[in-house]
Amino acid sequence: MTTLTPTLFDCEQRSVRDINIELRELEPGSIVRIVNPKGRHNLAVGLMKHLDITFDGSVGHYIGGLCDGVEIQINGFCGWGVGENLMNGVIRVAGNASERAGATAHGGTLVIEGDASTRAGISLKGGAIAVGGNVGDFSMFMAQAGTLLVGGHAGHALGDSLYEAVIYVAGSVDSLGSDARYEDLGDDDVATVTNLCAVAGFDHIDPQNVKRIASAKLLYNFDALKAQKY
Amino acid sequence: MTGAATPVNAPASRHFPLRESYTFPPAVIDQIHGMAEEGRYEIRGWGAKRKLPTFDDLVFITASASRYPMEGYREACSTATVLGSRHASKPLELDIPITIAGMSFGALSGHAKEALGRAATAMGTSTTTGDGGMTAEERGASKHLVYQCLPSRYGFNPADLHKADAIEIVLGQGAKPGGGGMLLGQKVSPRVAGMRTLPAGIDQRSSSRHPDWTGPDDLVIKIEELREATNWEKPIYVKVGATRVAYDVKLAVAAGADVVVVDGMQGGTGATQDVFIEHAGIPTLAAVRMAAEALREIGKHHEVQLIVSGGIRTGADVAKALALGADAVSIGVASMIALGCNRPSWFGAADAQWVDASADYAELGTQAGYCHHCHTGRCPVGITTQTPELEARLDPVVGAQWVTNYLRGLTMELTTLARACGKSDVHHLEPEDLVALTIEAAAMARIPLAGTDWIPGWSR
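Listed in order, the protein sequences are those of chains A and B. Here my numbering is used: the first residue of the first sequence is 1, the next is one more, and so on. Here my numbering is used: the first residue of the second sequence is 1, the next is one more, and so on.
Just chain B, with the same shape it has in the complex (with noise of 0.2 Å):
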């Protein structure tokens, strides 16, 4: 049997050149052989890195002839905002629309919750707890502390709701909606664990759903149970992971929320599987629109607050968030990035020097810019860890500089936007101001696509 002639010298890539799988490409392959080997699949922190429809696929229309705008730097511009005003005796009176959003204790360090803290003071705005629990050092830190309600009650006590300023009842969260939640073992430290009545250095399972009710009409009973238990004093928030939204705002509207929360696909985690944050969800841009035409179908747009959270990272994002729809934004990723995520490097407080955390990066695999890696509980800046050398990396009066920062920042943008709107109020924003630059995007947000009047879906 003779072979087929072969080219003597012929250089494969002639003809035949390199060529990558769309569907398979390196890093898919890459992937399912790290599987066959092992049997793992990834988990990991953050939220969604796949390139989706985001605010930035719109832009203001400002004012010029047809509208009068505002004095920039000069006239006022107001940004006080009221959460909670539905049924609450004593709502939460914000000095900005931009909120800290619900992150453990457990998932992050004590360090970073404090300066999380103090930051939301420092610009009169509100932080969250997390799963696991209110620290004495966050609700000393906090004028505003949002208490949350999870799945697993996990440090749940009826002192701590007391202390808190507002309760939000979580039923999901954007990067896994559905899913419950997990802090790896690595950070069950002796405390978080005490606080959560469980062994050091299990693999912790928040449970996907409340243990004590189970549908829209048992949610009812038990908003008015935590409402007679602090004599209907505190906002009750209903949170949930951006998927069914039109339904579920309306359901916890019915169960008696004073304040609705919507978290899309991009808002972040301290740990879960990769696939839920990439497969599960819809993104914020979308979410937003649908929450807030829910709220106005039912006749309580703004009666009922919306917050909006899930991928903000700019004034112009909160602007346009309140423009679709929103009384407000949560941020979490973005205020951790703020305190120093993904930084080459951390501050050493005490000698006031930085100190170069590379090698720390590499030895996750991972670089400063790319890292997700909360769930090891090696932070190499101090944020999501509860080893106490790396939390002392995070002081948290420098962290909570650079979030009070990063927040004046971010309301500066956000009123600079709605000068030229023509709004003395950032509340006055409204989805006339906006155009779309995709389709994608004026499907998602019912705004027309700029240039046209057309809203893909919604006209003809």
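If we strip away everything but chain A, and leave its shape as in the complex, we get (with noise of 0.2 Å):
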């Protein structure tokens, strides 16, 4: 039976382990509030149904890793890889993620408030990440397919080996890896801009007026002699 008001844990008297066992038994739908996870990694893994999850206070790595139909809400920063491999649901950060924050997400939307730091959208297969301020170096390194909306600034070596994914910086960008390059800006980059600040709740971004990068495609086939060119 859906659970219409919040199960409460407190990741002071219950461990991660206890936590994870009790959420994969809601039923689909269910509401959860987590308090005090006080950096605590791998609370709300591996989950395959929807569940509306809000922690209250800063998380620790990989929260909603392996997830499939979550809406979570981190009242509070992040560690390392949030959201990773996901592949439905949203994900929302109050406060600034760590490193590799949607790692290798297939779908979903991984909303961050604040700043994400170094490999933001690494490996990202599809989905959407926006981030309010800015992302460190290396950020979508390799990033296969979705979009990073960066409401901020960029750090170096943006989009570095970049496949299908699309980037769009409201900000400065450091610079960008090998194979990244700008692009003219569309009327459906505008629509996908909007579309993003929208759901992510960003009035800071004018859509009309961000950088578009993506994939020269230089890459694609190797070229011997292109040798160590890139």
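Be aware that a few hints might be false.
[To be verified] Examples of chain B residues lying across from chain A (beta carbon under 10 Å, computed):
hint : residue
1    : 43
2    : 44
3    : 70
4    : 72
5    : 74
6    : 78
7    : 158
8    : 159
9    : 162
10   : 197
11   : 199
12   : 207
13   : 210
14   : 216
15   : 218
16   : 224
For the record, the hints were derived by calculation from the structure and aren't laboratory data. Here a beta-carbon is modelled for each residue, glycine too, at the ideal position from N, C-alpha and C.
Need the complex rebuilt from these two chains, each delivered in its own frame; the hints are there to steer you.
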């Protein structure tokens, strides 16, 4: 039976393992509140159903990893790999995210209201990541599909070895990585950014005034005579 | 100016015979000419082809007066093997200590993967996915299926993770430790591309390092994530290419692995640079003993199981690997050969006829017995291809029977040697059952040279 009142877990009294076991047993659509997370890792991972989970406080690594269909609100900061390999659902971080946010995610939406550290969106395979602030170096390394929107600035080697993924940056970019290039902004891009801003609740980004970064596709096939030039 | 006198009619070969350079023999000259003309370097399949110290350099000193043998063909000799008992609530319980190594759908055809799954199931052992994810055919055919978690994470998803019987985190493989992977465009078919979320036809790279963790301290947390996501049920393997084996094995154990897989430099690949295959990593013979000793040093030998792979061909190889400390072995290239790799003909199951494939080998510039052209996708016998007409040359049911027969033969050879050593369980084989025939093998395997008590580097 669907639980309409939030199920409460206190990390000061329950282990990560206990909480994860109980999360797996909840009915789809259940509402959960997890208090005192205090940087615990690996909470709410591997969930294959819709649960509405709120963390009150900062969390550790891989929160929401390997999930399909969850809705997670983190009222704090988070460690590495938030939403790692997410298949579907929404994860929202009210603060900053550490390294590798949304790594290898296949779908869903990851919203980071603050900054994201290095390697945000690494090996992204689908879905969207919206970062209100800045992203660190090497973000979207080898990203295959999906979208990254950056409301602030991007670090060095942005989009290194991109495949079909697209990056939009409102601020400056320290440098692009191998095979990444700036491209003209089209109507579809503006619509994508507008929609993503609406989903993320960002009103500080002008969708008409972002940079589009995508793959030059010069690395799609090996060429021995280009050795070490990329 | 007058030139030096040249003897008339004197055959040049009398005083100056053709002399091949050891450093620059004709094959090396040809290679350099090719590199000079095209800037090319060789990419190929299979494993190391150079001569290396192998298990053949060891022999068993079987029972006589000082040890009591078991009766061959009669007395029971157990081959039961449990993998993943350290932390997993559902360890793999296998009938034999010979597993099928990870090979991707993409590198291998769907028929080949299905055949390997069927054979492994028939023999009560496991098979392993590869880069690119799990296919329904492979899952359906395999009773025990190990799901690889590779740096690329191509096709890696939680639904398949939950369907897996064990999880193997791949840090590297023996053919190309530290080198990542590649699947050339001719094998990136629409289905393969779809599973990997990539455009069809591109030369696909598999990254050399994981995207969401960096060092062994991070790996502790990554392994915990996978355990939490799967309710601590599934064994977690960590696979490394054999390089700094002692350190890597200890770090894998410290990170929480249930099973460590060590792949020696003879291990195969679907495609990588020849320079990697022949010049990186250490031989399996050295790797197995280093890994076992590392586990002993930290008190985890057999508590954390050790799987060794890379060039395992015979039941003798299996027996020697177990005697040196492995709990199981994994076979890749040998299982492909059992499927018909490098056979001069393929078997048309529909009309039960063998069909000559020598012209197809010739088109690749090779012949049966020498082929390592897995990277081209033009496998003459339907194993390493994504072309439907070629894939049809391997019938998965017939192929499964060949691999089953091969695994049965390996197991028979293994128990034959174990019984003769007086063991009622193949896992009771021990280093003291072996001696070495060469100084190199003695040093690498830490086994005394036959007729002596000398282990070079380890005893006086």
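Self-check item: Numbers of unmet hints, in rising order
Solution: Checked against the structure, the hints that fail are numbers 2, 3, 4, 5, 6 and 14, while the rest are satisfied.
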